[in-house]
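**Student:** Following the hints, position chain B against chain A.
Protein chains: 2
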Amino acid sequence: MQLMPVTDSMFLALETREHPMHVGGLALFTPPPDTGPDYLKSLRKELLTDSDVRDVFRLRPATPLSTRGFLSWVEDTELDLDYHFRHSALPRPGRVRELLEVTSRWHSTPLDRHRPLWEIHLVEGLADGRFAVYTKVHHALMDGVSALRHLQSVLTDDPDARDCPPFWGSREPRRNRERPGPHLSTWLRNGRRALEELAGMAPLAARVAREAFREHRLTLPLRAPRTMFNVPVGGARRFAAQSWELERLGAVASAAGVSRNDVALAMCSAALRAYLLDHDALPDVPLVAMVPVSLRPRVSEATTGNRTGALLCDLGTHLPDPADRLAVIRRSMANGKRLFGDLSPWQALLLSALNVAPFAAAPLPGYVTHTRPAFNIVISNVPGPRSHLYWNGARLDGLYPASVLLDGLALNITMTTSGDTLDIGITGCRRRVPHLQRLLAHLEDGLKSLEHAVL
Amino acid sequence: MQLMPVTDSMFLALETREHPMHVGGLALFTPPPDTGPDYLKSLRKELLTDSDVRDVFRLRPATPLSTRGFLSWVEDTELDLDYHFRHSALPRPGRVRELLEVTSRWHSTPLDRHRPLWEIHLVEGLADGRFAVYTKVHHALMDGVSALRHLQSVLTDDPDARDCPPFWGSREPRRNRERPGPHLSTWLRNGRRALEELAGMAPLAARVAREAFREHRLTLPLRAPRTMFNVPVGGARRFAAQSWELERLGAVASAAGVSRNDVALAMCSAALRAYLLDHDALPDVPLVAMVPVSLRPRVSEATTGNRTGALLCDLGTHLPDPADRLAVIRRSMANGKRLFGDLSPWQALLLSALNVAPFAAAPLPGYVTHTRPAFNIVISNVPGPRSHLYWNGARLDGLYPASVLLDGLALNITMTTSGDTLDIGITGCRRRVPHLQRLLAHLEDGLKSLEHAVL
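Residue numbers (full-length UniProt numbering), protein chains in the order written: chain A, 1 to 455; chain B, 1 to 455.
If we strip away everything but chain A, and leave its shape as in the complex, we get (with noise of 0.2 Å):
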């Protein structure tokens, strides 16, 4: 039994029934050539027999509550396969349509606790003859940073390799791969932090954490307006996805001498103003979007455990015109990089404005609904491997990100890039985003916008 990092348990400590607090990615594969209509039921069968688990993938909370505010990983001795790793099925006509809605629902239910955090559909019954896979691990093992990058790990740019692990699997042989634990109580380690964060979590502390945080505030570079995504949340979730080629950003880039990243800002800009339009809720001041950064060097590092950093970008939704609102996300971003400083990136989330209400709901009343967010929506970017990827000869076309939403960020985007392509992912609350798949619509407006503008 090992002691959670605070960060770790900070998101086991905070998840209610209408925060869940979990990660997840669709990802949408070809079979190899000359499969027959039972390879997935194959597959998952041979799957099955590989035990070879990720120790990360072996813990679960010792306790399912926690305890004098802390809580410890145990590994799971009884650790059921079969109920983490489930057959799934699309009704028919089996659309993306149809993947997207069983996605939402799945990405709706919390985990079980009395279990390791993670859960992956293998999905059939795709009309075009593809499967999807749909990933879903707590934030507590693993933020969405890690989940991507655990997932890209057991994939190949071989699209003859067979010797993929199973998506729970690693490509390390098990005497070099992380013990699960010491290496993730960095926070731990550095004393006088974590007893900041501790004093983040503790209820009764919530209001000093919060008066901190006010004082904080004042210092940031942007005020957001009040928004329709700026409220609180259910448990339920919509998701939507879709790609775009990259060469397509790549040209709008480089025809505005700005990066990709911004394109991307610039999509979401766009989606976001017509998506307000449509509900006659556009503010007149620009929606900001705060915009994890990984402070962990890419790709070959460990993937589990939590360090995000965060800075916060003038999203220029109140300009109509599609060049300007590029040059304002240009300038904010390039200007931008304060990081929240002596907040760690995740308590400036959790503690921002609006997202205080989990744990101190019952002595603020009227909190979330009265005060201005620090931002309106978080927007992430995580770059990906630039080759075609396979799974056991299986080729991915696209791995989109299903994201957190807590109490007053009702909208999360998350985009990743694939091969040649830009993934987005669109994690909603049911209720309080309607239609959320118009923004799919959106997005390739604004994409078709900047580039009449630009190019």
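Because the hints were derived from the structure by calculation, they are not lab data. These numbers come from a predicted model, not from an experiment. Be aware that a few hints might be false.
[As the list claims (entries may be wrong)] Part of the chain B face toward chain A, derived, beta carbon under 8 Å:
| # | residue |
| --- | --- |
| 1 | Arg17 |
| 2 | Arg86 |
| 3 | Ala236 |
| 4 | Arg432 |
| 5 | His435 |
No residue lacks a Cβ here, since even glycine has one placed at the ideal position from N, Cα and C.
**Tutor:** Just chain B now, with coordinates in the frame of chain A:
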């Protein structure tokens, strides 16, 4: 807003991740002749337009958590039918086995308390062309009997009728229908009883209630052994189901001069004995079943609220001879009409030696594992209509109840009749009752051995 009756709110107050408090039903249908492959898709689309939702399916808890021990219902003004009524599919090869697997998953996740407490899945993908409907309703709204009665009430014995309401509807004209609540509050009107029950709910008062029960238990007619089923449970479930020809049970009943219900209990006894022998875990003394008895007149009455009594039945599992076991069961059921008396039936169930755990686990460590249970298993038999039932031309082939488990009760058997068959649903803790589906074969063997013994 209206205060919930204590018997209803109890099920919300006791619910935890390990103890989801919903009842389920799995119905198998043969579609009407001449339906195409998109029958279910268009059926669902059509049903979604029918928003005449029974009042009880519009209620949600006013607060998701209990406040000062009281909970109240409010009407959900944003009812999202598309959330509650889901289209799902089975993976290949689409046998009953795959159906039971996905049903097990659905039965394992708690309902979202921010919405009316029900879900209905329309399931396609059975290889034999049939379809299934899995319904999930919180016990605070309906007990298992009421849920079955509700489902049966939207069906008809006319294969040509096409006016069946949707599964959340009612045949009653709206103005004649129950108002939600007032008639549910029988218990509240009986002030003394309500207070006693409240005392049983509050954690601090649990000890007092337990003492009362312990005294009471001295006068119980039977003492149950400890078995592998009488242990704390996790949140995940396994569900198995099968039908038997009522004619076969009737033949045994006539020949042995017992009731058909006695024969059904003897099948269960045989199956439990065989299963426990498989696990080298059969106790020397007989298992005791708690057999709930409805305290409500049948069929015509309102189908909401919880009214159940209980008696204890000696299952004679220690006896190797099937005829001896049947005789013991017949005698026990004939003599055993002793209700729990002063305790309300559900208080008896929840406070029985093993069931104190959900709200008194902390002050009573080891209580569940070190105390002898008052009974080993709950076996319910809910008679249904004898005629064949249809839903808008689709023939009901079986209706299998899925039940609630509690600490100390890791296995439940619930039966009902539909047309010519006895339909048995078995719900078990996924961790504690391995190979649950083997009980189905043991039930069949049990019936065969009875036929062999008495015919």
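**Student:** Hint by hint, where does the structure go against what was stated? Just the numbers, ascending.
**Tutor:** As far as the earlier hints go, 4, 5 are violated by this structure, in ascending order.
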